[in-house]
Structure formats: C-alpha cells, structure tokens
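Colleague: Sequence:
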Amino acid sequence: MPSTAQRPSSTAVRRRARESAILAATRTLFDERGVADAQIEDIARAVGINRAIVYRHFTGKEELFALALVGYLDELAAALTDAAAESTSPPDQLAALVSTFVDYGVAHPAFVDCAHSLMRRTGHELFDEISEGAMLRLGRAIAACLASLRRTLEAGVSAGDFEIDDPVLLANTLYATGLGGLQLARVGLVIDEVSPGVPQVGRIGAEQVKALLLTSALAMAHG
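Counting along the sequence shown from 1, when you hit position 37 you're at 23 in the numbering used here, and nothing is skipped either side.
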C-alpha cells in the first residue's frame, strides 16, 4: 500500500472532483446552448456552487474554455486514430482524416467555437491568461490530434505519394484550415459578385466543405 505521504490528501481529491464537475457542466452547457450563451453563472449553478468558487479552480473563462476544448480534442484524437487505421494508403488515410474531422466538427459545433475562441488570441495572450498546467494539457490534446495527420503525411512522403518539406507545419496548417472550413459550413453561405457592387448570396453545405478541404489537403500534400 502507498504510504500516507504518497496518497493525495482529501482536499486534493475534493478539488479534482470539483474541477471535473465544473468541466463536465461546462461541456454540457456548451453542447446544449453553444459557447456564446454559456455563462460562468450558469456553469456554477449547474454544479451547485457560486461563481467565485469557479475562479478558485480556474484562472478565468479562457482557461475554462481551453480545458473544455481538451475534452473535445481527446474525442477527436481517438476518432482520427481510428480513421487512419482504416487504410494503409496515405492518400486514403488523408481523405479519411479530413472526413472524420469535418464530421466531428459538424456534430460538435461547440468544439469549433472553443477552438476559434482560443485561436483569436496570440500565443503571448494565451500564456498570460491560462495557467502553465492548463496550457500543457491543451498542447498535449492538440498534439495528439495532429499526430495522426503528421504520421499520414510522413508516410506519404516515404511512399512517394506526397512531396512535403515540413509535415509538422502542414499538419498545423490543415488543422487551422479545417476549422475555418467548419465555420463556413456552419454559416452555410458563400458570397459572390454578379456584377460590380452587386453581391449574390449562395448556399454551401458540410459535404461541399468536406470536398473542398480534401482537395486542398491533397493539393498541399502533393506540393
């Protein structure tokens, strides 16, 4: 049995349990209402605490959003790993990864909102607003998602299917591009100019965005 010194204190156990409860309530509200309509007061009320206690556990709303995003990213990473395992052909794997990413984002719009909320901030701002421990968890979760994509790109280079100088940079670029595409799919509108100064609004759906993202990803992978 572990010694008393090795066991977490009851205070630490309670703190972790409360943090988990707050994050679970945040995720539930995000999925039900969306990120914009989920307020700290609502999250606290769902857990049965006051908002001051939320701020004892998290540095602010940005950190709460970041750690809620970790939950989505963990699910996405598992889905991407499964998708990549469906084929040994790097181009087919890339197609499966893009498809899985879009499907997950469409099914979880709060994931897209969380990711965009954090990407609007600079790296310096994030490190100022989010604790080191939370940033580490967020970095691990993003890296786990990008790992399947990076491995597929590297395998494609080895097989002669892709021509890529920096698979890590491309993986990050495709992730950011994918988030932009998911936002376009949510808006569902494209703007054109039928004549000078005369705009025209068209419709676009998730399947069209998925096809465009795949075409873009393959084009960049082929150099």
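Please keep in mind that the hints were generated in silico from the structure rather than gathered at the bench. Take the hints with a grain of salt, since some may be wrong.
Taking lysine to aspartate or glutamate and the EDC-like style, the derived pairs with C-alpha atoms no more than 20 Å apart in a straight line are [to be verified]:
no. : residue 1 : residue 2
1   : LYS47     : ASP68
2   : LYS47     : GLU18
3   : LYS47     : ASP89
4   : LYS47     : GLU140
5   : LYS47     : ASP78
6   : LYS47     : ASP23
Computed Cβ-Cβ distance ranges for the label pairs, DEER-style [stated by the list, open to error]:
no. : residue 1 : residue 2 : range
7   : PRO182    : ARG19     : 38 to 44 Å
8   : VAL154    : SER73     : 20 to 26 Å
9   : ASP89     : THR159    : 38 to 44 Å
The beta-carbon is built from N, C-alpha and C at its ideal position, and this holds for glycine as well.
Colleague: Go through the numbered hints given earlier and state which of them the structure violates, listing their numbers in rising order.
Modeller: 1, 3, 4, 5, 9
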